[in-house]
Amino acid sequence: MRTYLRPAAILIAAALVVGACSSDSADDPGAAPVLRVFSNYRGADAEAFRTVLAQFTRETGIATSYVGTAAFADRIRDRVREGDPPDVALFPQPAILAEMARAGFVAELDGDLAEGVENGYPDWAIELGTVEGGLYGVPYRVSVKSLVWYPPGVFAERGYDVPETWDELTTLADQMVSDGYTPWCMGMEAFGATGWVGTDWIEDIVLRFGGPEVYDPWAAGDVPFTDDPIRTAFEQFGDVLLRPGRVAGGVRAVLAVPVLDAIQAMFSDPPGCLLSRQASFQREALPAGTEIGPSGDVDVFVLPSADRGNAPLLVSGEIAAAFTDSEEARALLTYLSSPDSGVPWAALGGYNSPHAGFDTSAYGSDFELRLGELLETADVVRFDGSDLMPPAVGTGTFWAGMVDFVAGSSLETVLAEIEAGYDQGAS
Amino acid sequence: MDTMEDGAGESRPPEHGALSPSGSLARRLFQPRVWDEDERTLVLDELFFEGPEWRPFLFRFGVLIILSTTIAGLGLISNSAAVVIGAMLVAPLMTPILAVAGALVHGQVERLAVSAGVLVAGTLAAIGTGWTLSRLVPGTITATELTPELLARTAPSLLDLGVAIAAGLAGGYVLTHPRAGSSLPGVAIAVALVPPLATVGISLELGATASARGALLLFTTNLVAIVLSAMIVMLVSGFVPSDVRILVRGRLRIGFLVAALATAGVAIPLTLHTVDVIRDQGFTREVIAAIREWDPSGRIVELEADVSETSASVNLVVASSRAPVPAWRLAELLASGREVPVDVDVQYRLEQRDEATAD
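Taken in sequence, the protein lines are chains D and F.
Sequential numbering of the first sequence, starting at 97, is according to the working numbering.
Sequential numbering of the second sequence, starting at 14, is according to the working numbering.
I should point out that these hints are in silico values taken from the structure, not numbers from a laboratory.
Being a predicted model, the structure only gives us computed values, none of them experimental.
A few of these clues could be false.
To be verified - To list a few chain F residues with every Cβ distance to chain D over 12 Å, as calculated:
1) T83
2) V122
3) E158
4) F296
5) S310
6) S349
7) V355
8) D358
To be verified - To give an idea of the interface, some chain F residues facing chain D are shown, with a C-beta separation under 10 Å as derived from the structure:
9) S324
10) P339
11) A340
12) W341
13) R342
14) A344
15) E345
16) A348
17) P354
18) D356
Where is the CB? At the ideal position from N, CA and C, for every residue including glycine.
Make a model of the complete structure from these sequences and hints.
Here it is in structure tokens:
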């Protein structure tokens with residue numbers, strides 16, 4: 097097991113400098129406490145999450161203020177370093193939550209709240225908020241990442257079948273090329289988070305060909321990037337996407353196209369691409385009026401596995417945790433751990449609950465209902481590996497390495513560069 | 014100053030013709046001069062093309078509408094104000110609009126129908142030309158990146174209504190005072206008709222329907238304001254013989270009512286829009302103050318701030334020689350004490366200087 101002392105050391109030093117981390121509301125007992133909530137939800141997500149917080153305020157009388165940022169991973173660490181953490185944060189990266197829990201910045205959950213989480217969620221979700229045996233986080237939302245978006249109309253017209261194995265997928269892409277199409281839509285540009293689209297691909301391939309036996313230790317940092325199963329995943333990724341004529345706009349364009357904009361090319365006439373491996377939250381950035389479904393403008397299938405059958409699901413999501421150990425912060429976490437807290441967002445769309453007791457009739461569309469079924473029936477569900485790896489690697493050299501790989505760096509250089517992140521974290 | 018004004022002195026009764034320079038302005042403005050039939054025919058001939066003149070007029074009108082819209086459209090796409098102004102001088106739409114006003118004040122239903130028909134056909138032709146032009150010149154602009162010249166025609170305000178009313182008065186004045194004819198091009202420039210129509214066509218082709226609606230509102234504003242104010246001038250100037258005025262009293266009232274209601278109708282969205290603009294300007298001032306607090310070393314390069322009932326957004330390009338301050342802090346600063354959420358998008362530009370010398 098690797099350690100990464102440097103970030104922890106910085107955090108501890110920061111704690112010594114600024115003293116105990118307390119919010120304004122705790123300092124000033126006279127004022128009505130306003131819970132400061134911090135996450136990466138913006139745009140439609142932020143709008144929906146605000147309705148969730150508004151319901152919380154109605155039920156408890158506790159006011160909240162919400163701030164969402166595109167660069168959560170960097171900003172939350174800045175805030176803690178500067179002695180200005182929010183009261184509650186929703187972490188897209190469990191690894192950053194773990195880093196802060198270890199350094200003593202995040203409140204451990206106990207009592208009814210902890211019991212409710214342990215009884216209400218599947219194991220994979222509980223693990224996300226668990227650090228060294230203690231529970232620190234409440235899983236709040238889950239997004240399915242192993243989806244391939246495609247236009248059913250073109251598939252029907254051309255007689256393409258939805259592939260059920262990896263070989264069928266690559267054969268289909270070859271067929272598309274010989275029919276004069278460019279198979280894949282892909283964009284990687286994501287502000288300070290550029291690279292995650294690439295890491296998702298590698299994770300999905302490792303999970304499909306190596307299985308959880310390889311994936312879990314790899315995500316935990318115990319299988320190096322230079323090992324064969326990981327190296328092979330990079331080669332497969334290169335084979336599927338980085339050859340000429342495989343990606344809309346060409347490989348060079350991929351780094352400049354914003355992640356969720358890449359699918360736009362699918363809707364031009366003739367379509368600029370026919371396959372887009374992207375998470376369920378792509379839904380938020382489809383052209384207005386786009387219908388999702390087998391007879392709609394676009395539909396999804398699960399990225400196939402090597403063999404026919406139940407393909408593993410890669411998921412991402414947000415885990416809520418409290419920096420302030422106050423009654424109000426606990427009240428918010430307790431609320432977020434109740435399945436009802438997801439109902440206002442589920443009605444608006446763009447939300448799936450990781451809670452086992454969530455009432456699926458609350459989903460506002462068939463799409464979320466299908467995702468819910470996928471999550472329920474999948475044999476293997478794994479969280480996004482780069483979000484589990486130590487941040488120096490997961491949101492550091494792994495992201496950067498994918499950018500370099502797409503930009504043309506050699507595989508050896510890239511793997512060594514990513515692996516070096518572990519040493520940076522431990523130096 | 015010459016007392017023989019407008020070449021119509023000989024037909025005037027002495028008390029009108031012998032105006033002295035002092036104290037005469039008010040009377041000149043409010044007392045209609047007397048027209049003879051030849052003069053009136055001359056002016057009417059400027060507006061209505063009938064009999065053998067009809068076909069050549071239509072041809073001329075069609076050619077000019079397509080050419081002027083083409084010039085305007087190219088000017089708008091290439092963002093050249095000079096070219097757009099050039100197009101206004103070629104544009105023939107003022108004639109049917111003044112003809113509509115003329116037909117209304119004379120209560121002539123048939124002439125009204127013909128003039129309005131020409132106007133509608135010209136409008137559609139101009140929009141179609143703009144659309145075609147945007148088709149033929151692809152790739153230079155997109156729905157989200159219109160040129161400033163195009164954008165300037167998509168958000169009319171009450172000021173535009175003021176300009177249109179004044180220009181309509183001027184147009185009516187020039188028409189009924191033929192010696193002032195040389196200033197007609199100025200009227201056409203002040204209240205442009207073809208550039209908004211070109212903007213409608215181009216925006217539609219690009220799929221920017223909101224911009225198209227805005228430009229169409231600008232055109233409609235200009236249209237109804239010119240008709241209304243030209244009607245007023247025509248009546249005040251004595252252009253309409255009093256016996257005709259009495260004879261078609263009912264129609265005249267309806268015509269006036271319709272023109273006035275139409276002007277009031279466009280004034281509503283214009284007022285709403287003007288309120289928006291004022292609110293955005295107030296918000297922009299707040300944003301500038303907040304930016305100074307947020308990052309005192311930052312220099313604002315570009316700033317776009319919009320606020321509505323339900324949301325506020327800020328698009329900012331800021332240059333600084335220091336490491337950027339996170340955008341969320343600005344968002345939080347702006348959101349405090351405000352009912353609506355604030356979305357902030359910041360582009361940072363690092364500004365660095367370097368100097369060197371060598372022998």
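Now the hints, each set against the structure:
no. : hint : verdict
1   : T83  : 27 Å, holds
2   : V122 : 45 Å, holds
3   : E158 : 15 Å, holds
4   : F296 : 19 Å, holds
5   : S310 : 18 Å, holds
6   : S349 : 8 Å, violated
7   : V355 : 10 Å, violated
8   : D358 : 9 Å, violated
9   : S324 : 8 Å, holds
10  : P339 : 6 Å, holds
11  : A340 : 7 Å, holds
12  : W341 : 4 Å, holds
13  : R342 : 9 Å, holds
14  : A344 : 6 Å, holds
15  : E345 : 5 Å, holds
16  : A348 : 7 Å, holds
17  : P354 : 7 Å, holds
18  : D356 : 7 Å, holds
Hint compliance for this structure: hints 6, 7 and 8 are not met, and every other hint is.
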